[in-house]
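Chains as they are written, first to last, in this note's numbering: chain A, 13 to 294; chain B, 13 to 294.
Hints are supplied without guarantee of correctness; some may be wrong.
Since the list can't tell identical chains apart, any single copy or any two copies may satisfy a pair.
[As the list claims (entries may be wrong)] Below, simulated DSSO-like cross-link-like pairs (lysine-lysine); rule was C-alpha separation at most 27 Å, straight line:
(1) K96 to K32
(2) K213 to K292
(3) K169 to K96
(4) K158 to K96
(5) K158 to K122
Treat the hints as calculated values from the structure; they're not laboratory data. All values reported here derive from a predicted model rather than from experimental measurement.
2 protein chains.
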Amino acid sequence: MVVGVVGLGLIGGSLAISLKKRGFASKIIGVDNNPNHSSEALDSNIVDEVCGLSQVAQLADIIILAIPVDAGKAVLPLLLDQTKEGQVIIDMGSTKGGICMVADQHPNRKNFVASHPIAGTENAGPSAAFDGLYDNKITIICDEEKSLPSAVNVCKKLYETLNMRVQFMDSQEHDRHIAYVSHLSHITSFVLGQTVLEIEKDEKSIFNMAGSGFASTVRLAKSSPDMWAPIFEQNQEHLSTALEAYIKNLENFKRKIETGSKDELRDLMGDVNEIRRVLKGI
Amino acid sequence: MVVGVVGLGLIGGSLAISLKKRGFASKIIGVDNNPNHSSEALDSNIVDEVCGLSQVAQLADIIILAIPVDAGKAVLPLLLDQTKEGQVIIDMGSTKGGICMVADQHPNRKNFVASHPIAGTENAGPSAAFDGLYDNKITIICDEEKSLPSAVNVCKKLYETLNMRVQFMDSQEHDRHIAYVSHLSHITSFVLGQTVLEIEKDEKSIFNMAGSGFASTVRLAKSSPDMWAPIFEQNQEHLSTALEAYIKNLENFKRKIETGSKDELRDLMGDVNEIRRVLKGI
Numbered sequence: 013m014v015v016g017v018v019g020l021g022l023i024g025g026s027l028a029i030s031l032k033k034r035g036f037a038s039k040i041i042g043v044d045n046n047p048n049h050s051s052e053a054l055d056s057n058i059v060d061e062v063c064g065l066s067q068v069a070q071l072a073d074i075i076i077l078a079i080p081v082d083a084g085k086a087v088l089p090l091l092l093d094q095t096k097e098g099q100v101i102i103d104m105g106s107t108k109g110g111i112c113m114v115a116d117q118h119p120n121r122k123n124f125v126a127s128h129p130i131a132g133t134e135n136a137g138p139s140a141a142f143d144g145l146y147d148n149k150i151t152i153i154c155d156e157e158k159s160l161p162s163a164v165n166v167c168k169k170l171y172e173t174l175n176m177r178v179q180f181m182d183s184q185e186h187d188r189h190i191a192y193v194s195h196l197s198h199i200t201s202f203v204l205g206q207t208v209l210e211i212e213k214d215e216k217s218i219f220n221m222a223g224s225g226f227a228s229t230v231r232l233a234k235s236s237p238d239m240w241a242p243i244f245e246q247n248q249e250h251l252s253t254a255l256e257a258y259i260k261n262l263e264n265f266k267r268k269i270e271t272g273s274k275d276e277l278r279d280l281m282g283d284v285n286e287i288r289r290v291l292k293g294i
Numbered sequence: 013m014v015v016g017v018v019g020l021g022l023i024g025g026s027l028a029i030s031l032k033k034r035g036f037a038s039k040i041i042g043v044d045n046n047p048n049h050s051s052e053a054l055d056s057n058i059v060d061e062v063c064g065l066s067q068v069a070q071l072a073d074i075i076i077l078a079i080p081v082d083a084g085k086a087v088l089p090l091l092l093d094q095t096k097e098g099q100v101i102i103d104m105g106s107t108k109g110g111i112c113m114v115a116d117q118h119p120n121r122k123n124f125v126a127s128h129p130i131a132g133t134e135n136a137g138p139s140a141a142f143d144g145l146y147d148n149k150i151t152i153i154c155d156e157e158k159s160l161p162s163a164v165n166v167c168k169k170l171y172e173t174l175n176m177r178v179q180f181m182d183s184q185e186h187d188r189h190i191a192y193v194s195h196l197s198h199i200t201s202f203v204l205g206q207t208v209l210e211i212e213k214d215e216k217s218i219f220n221m222a223g224s225g226f227a228s229t230v231r232l233a234k235s236s237p238d239m240w241a242p243i244f245e246q247n248q249e250h251l252s253t254a255l256e257a258y259i260k261n262l263e264n265f266k267r268k269i270e271t272g273s274k275d276e277l278r279d280l281m282g283d284v285n286e287i288r289r290v291l292k293g294i
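Looking at chain A on its own, in the form it has when it is part of the complex:
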């Protein structure tokens, strides 16, 4: 099977490496609008060939979009315009409502499968790609009833090759949940990094006094702005609600600190410790 991968960063690059290594793809054709990424991916054998976006629909059996979510929405109709029978187009973006709405307006909607493999690191670009990124993680396929069953099957097989567990979900539901368990934590981390950098002008102090706890909490603040700015834009509505709830809870916590309500803080944190049980296995 010839697989076209549009976007050769951490997500697309890791996918290409694993699909080739595990025999799912006989050939990987890469597309990236950054010529440095293209030549880096070729040099390190992440892809077998590169081509332009307008050629990939002619050359590949499966095309996978691993680009920022706003670019995905712009590129998908161009690919669906050219798609041929039996070809499957899959996107891997972190928001699903927007791209599904774009897809729904296209006559070739059934060739498209909307998916979101929940995997990543704080690093970006082809040099960050590695085999194993997806192993034992969850992937979500959205609105599968709007895709051809054969296309959904190809997508499932692809993710099973990556050792992922496949779940099905409505695209709107996906965006609502993911706002809380992924997007919100990226924002809390970015804003924590911002706040500490603003106050601690003398970086030495941060470096000296920050421990592994701070490093863990602020890790996601190293993530790619090019990837995350469009995600936040696309999931605006749910993120606005999530941030409102988060800020309200922070203000409550702050008030309890200011009024010396130590016992109430202890009880509240005791309840939140429940997260330990919920997170077991992640």
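Since the structure of chain A is provided, determine the placement of chain B on it from the hints.
Okay, now just chain B, sitting in the frame of chain A:
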């Protein structure tokens, strides 16, 4: 050297294990007001003996307080009342202003050394203790000019045995900086956990969709409420300021999302990516 360790949780237990194993302590005498912790520490050879708080000053050359910061403030004067020449009392709490003020009012202030080893995990109790917790981390000694030089030397040697780098700092400065690089990240993590648990009543959804990024950001929400509630109380003033700045930045981030200011978000996150360079080495 006979070392008395008051508090046999993660911090005191790990300290006891390492000081014994590395030959700094000939004998470890443990004190804990939780009888289960005492017997657990005895059974697993974390301590050689246990005794009551009123006995430890008679039996030990060095006494180390590894208990919640409010308890530390209450216990320190009782120990200083009984202290004998050459004995050193060290505390390891995460706030330093409060305990130093208490110490400053005591005639035996010079036998006390205020310190804060910046190390820990999200786990608590003697069963969480392990040799190596402190290796290659930073420890801070505060207001060292108020302690006997010989007492400071004993404290330095103790931390050097643990392979820690020793820094000196004013206790007020310590509390101001640590509010940002440690305490604030515990609060952002606890409140993130709270917010997600409140919304995602169906835990299955969290479990299914949360990735390693969320797990990392929310890790500190597993921390001990008994340890952290008093820290937040003690560092109230600096935390109020830190939280105000954090909430203001969050509201700004939220507004940029709501107004579709994608380019501004991208620029802001690009600036925050600077944290990658600052954190190198943690």
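Sort out which numbered hints this structure fails and list those numbers smallest first. none
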